[in-house]
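Trainee: Next come the chains, spelled out residue by residue.
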Amino acid sequence: MKKAVITGIGIVSPVGIGKDEYWHSLEQGKTGFRLVSLFDTSALNVHRAGEIGDFDPVPLLGKKGLRTLDRSTRLINVAAKLALDDSGLEITEENSCTIGVSIGATFGSLHSIAEFDRQGLVEGPKYVNPSYFPNTVLNSPASQVSIRFKIRGFNATISTGFCAGLDAVSYAADFIRLGRADIVLAGGVEELCEETFLGFYNLGCLSGIDGSEPVSCPFDVRRKGIILSEGAAVLVLEEEKRALERGAEIYATVLGYSNSFDYESTIDFSHNGKGLGNAIKNALKEASLAPEEIDYIGSCANATRGLDRMETLVVKDVFGKYAYDIPVSSIKSMIGETFSASGALSLAASTGCLHRGFIPPTVNYEEQDPKCDLDYVPNAARKKMIENALVLTADPYGNNIAMVIGKDAR
Amino acid sequence: MIQKLRKQSLCSVPKMNKRVVITGLGVVSSIGIGWGQFWNNLLKGTSGISAVSSFDTSNHFTHNGGEVKNFMPKEFITEDRLESLNRSSQMALASTKLAFADSGIHPGYLNNYTVGVSLGTTLGDAQTIEDIDALLIEKKLIGRSNILKIPTYTAPCNIAKEYKINGPVLIFTTACAAGNYAISYGYDLIKLNRADIVIAGASDPFSRIEFTGFNQLNAVAPEKCQPFDKNRKGMMVAEGAGMLILESLESALQRNADIYAEILGYGLSCDAQHMTQPSVDGVAMCMIKAMKEAGIQKEDVDYISAHGTGTQANDRTECAAIKQVFGDRYKQIPVSSIKSMIGHTMGAASAIEGVTCALVVKNDIIPPTINFETPDPECDIDCVPNKARKHTVNIALNNSYAFGGNNASLVVKKYI
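As given, the protein sequences belong to chains A and B, one line each in that order.
Mapping of the first sequence onto this note's numbering: position 98 corresponds to residue 98, and the numbering continues sequentially without gaps.
Converting from the second sequence to this note's numbering requires adding 1000 to each position, the first position being numbered 1.
Hints listed in this document are in silico derivations from the structure and should not be mistaken for laboratory results.
Model, not experiment: these values are computed from the prediction.
Warning: the hint list may mix true and false statements.
[What the hints assert, rightly or not] Mimicking DSBU-like on lysine-lysine, the simulated pairs with C-alpha atoms at most 35 Å apart in a straight line are: (1) K1139(B) with K126(A); (2) K1387(B) with K1044(B); (3) K281(A) with K1164(B); (4) K1230(B) with K1414(B); (5) K1390(B) with K1224(B); (6) K274(A) with K1161(B); (7) K281(A) with K407(A); (8) K285(A) with K1164(B); (9) K1233(B) with K1387(B); (10) K224(A) with K1140(B); (11) K1018(B) with K2(A); (12) K126(A) with K1069(B); (13) K321(A) with K30(A); (14) K1161(B) with K321(A).
Using the sequences plus the hints, can you model the full thing?
Mentor: Here's what the structure looks like:
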């Protein structure tokens, strides 16, 4: 079985464009929340989100071919371009068929879908512009990456909500391990739009819904909900030998992963997290690592009451006493909840930890919750060289995925 | 003291040595609920196309579609659950129940195994989004239960909850090729030892968005779908679900299961050219990769279940690709499109066609391409016109292509 290594990272996030700016912001504990400008929130109680301010794809992508692309598609194309540039790879006629694209996206196309449908309802179906129809398929962002960069090996889109980003990376890693592809651009994307915002708002999931100032404070007893965000992350996964041969910089190796459903799951995460626990155990097994060899956990806690509690419970269950010695931090305190992009953004952050030797903080942490009593790296990053990191995502409908990455093994 | 495990190999994923077989089939389609009725109607050449009734089409250019009008969710799902399930989930769950009943696996049996769900769809539940769009226009409040039905992945999660599943649960949204992506990932899950049994398939409800979009692209036929016919006028938007129970050969033999077919491998490719226009090279590469992974030669293919949507571009491109791949032999391979009968069920299409391929290799009968009237020199394949045909099929190739140039072909083999 071959090994999949990470040789390129492209990030578009509320705290920075490009991996260096992203890692730097995370290390500084910078947050990326601002007043929403993409749509009108005046009728609502919440006005802040992790909107990527002044996002302009033109400097990196050029003007050509951008006109009909929706925001998600622009975000993921910029991330893909940054990842390719970072990896130093060149896509040619010869290698194009050995390269794939695997992207997690769930609500990224929702605005395009709804707009298209509403135009038909309001103006009549004969007046709908067909050039916007291709944006209504959920595989449009990933497919536009293939079209723009001429990637012919394969193209996949996975839409498993919170887990989609890591699911897409695991799918990509399988393809490399099995020798079906040499290189895969893998990641996730989600755009901020009115429809998604309203959905989370009406479900009562957003922080600030009671009129207070929104705050993303995972694990803190004051936590009352998420700050919705947007972003895209693309990681270049490459077969190890090939990466070594071309002298590529290897940031990390994908050691193992597991996706495990929790049929006892509830929308408010009041369940005990058996599925997430299984996912972690299986991922460690596949990585051939003992629990004590994990040096850092990239948490998926997003400041909802149930999820942060459940994740803590699961970490204690799997790691026993050692749970208290592992730094567990949530970058969602800084970038917010990016849904299907979150797993890929978290993986990119953990890759930075391995590569640069730092642990990002959980910012906005003030008051301890007795049920959340692990080392959450409160408010300030730490300098620390680490070998292996575990990245988690859990979804309220029951999906869970855990992924283990390690430093280059040589 | 830290107990260090020996790092013999950092990638200890087991080798791909398992054989994967299909042991249960479930279908929800306009020509039959359950594979028996569906198969009989396929062989008779029955059309499931009728006037669209789920929304007003008076302002559209065309008015026909492939709705499943006699689907009664209550026959499969208890009333207390029905409320929280969107149509996509209802059809997916119904076809799963049919497939499990067909496989002889009782729900209790699953407790001892790692079970996965691998589904495909184009939009998840388009109808929920469409209902909400109408409410948004009228500035009405969107209720909690409606919002909870939006996420694309509700169908696989609802199946997983119903059967208390603990394995991997995924959904692919690779548009009209999603079913093949889902089946092939299910095959990988078993091969890689990540699951013992996988529920694999796809579901898509009838969608106003798709109906309007394809109409605006001038891609919908007004009356009937006529794949490969010179005068073909387009596709027929439809709905449905197809589900397959996949398991390792040893597991199937152990429980003395009836085996429909074996999955030998699959191939994916991407056109990387255009969102809606297919490419001969992309489609050809997909078939070649599938055969390569399956370890078969082009001479081994006895039947091709075509993507065959009935649009000018698709059928012309697919036939050119078949010519390119199979050379001199291309006219000798029967190539039929069941979309001539049930229309294009979007993401569900290649799952329902996967069910069809399993039945073809099991029974050595090929369903026809109906509505075939005038040969097209650009589509001079043998499309099994209008009448089903007895034909020994050892290996079938199931083609599917999608928006974005996402191509997937699956190789299904007779189990002997």
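Trainee: Give a verdict on every hint.
Mentor: Do the hints match the structure? See the list:
For the hint linking K1139(B) to K126(A), the alpha-carbon distance of about 23 Å falls within 35 Å, and the restraint holds. Restraint check for K1387(B) and K1044(B): satisfied, since their Cα atoms lie roughly 7 Å apart, inside the 35 Å limit. Between the alpha carbons of K281(A) and K1164(B) the distance comes to roughly 19 Å, so the proposed pair stays at or under 35 Å and holds. The suggested pairing of K1230(B) with K1414(B) holds, with an alpha-carbon distance near 33 Å, which does not exceed 35 Å.
For the proposed pair K1390(B) and K1224(B), the alpha carbon gap of about 25 Å is at most 35 Å, so the pair holds. Between the alpha carbons of K274(A) and K1161(B) the distance comes to roughly 14 Å, so the proposed pair stays at or under 35 Å and holds. In summary, the hint linking K281(A) to K407(A) is supported, as the alpha carbons are separated by about 20 Å, within the 35 Å threshold. For a cut-off of 35 Å, the pair hint linking K285(A) to K1164(B) stands: about 23 Å separates their Cα positions.
A threshold of 35 Å between alpha carbons decides the hint, and for K1233(B) with K1387(B) the separation of about 21 Å falls inside it, so the pair holds. With a CA separation close to 26 Å, the supplied pair K224(A) and K1140(B) stays within the 35 Å bound. Between K1018(B) and K2(A) the CA atoms are separated by roughly 18 Å; this keeps the pair inside 35 Å, and the hint holds. Distance hint between K126(A) and K1069(B) is fulfilled; the C-alpha atoms sit about 26 Å from each other, no more than 35 Å.
Between the alpha carbons of K321(A) and K30(A) the distance comes to roughly 31 Å, so the proposed pair stays at or under 35 Å and holds. For the hint pairing K1161(B) with K321(A), the CA-to-CA distance comes to about 32 Å; that is within 35 Å, so the pair holds.
Consistency with the previously given hints is maintained throughout, with no hint failing.
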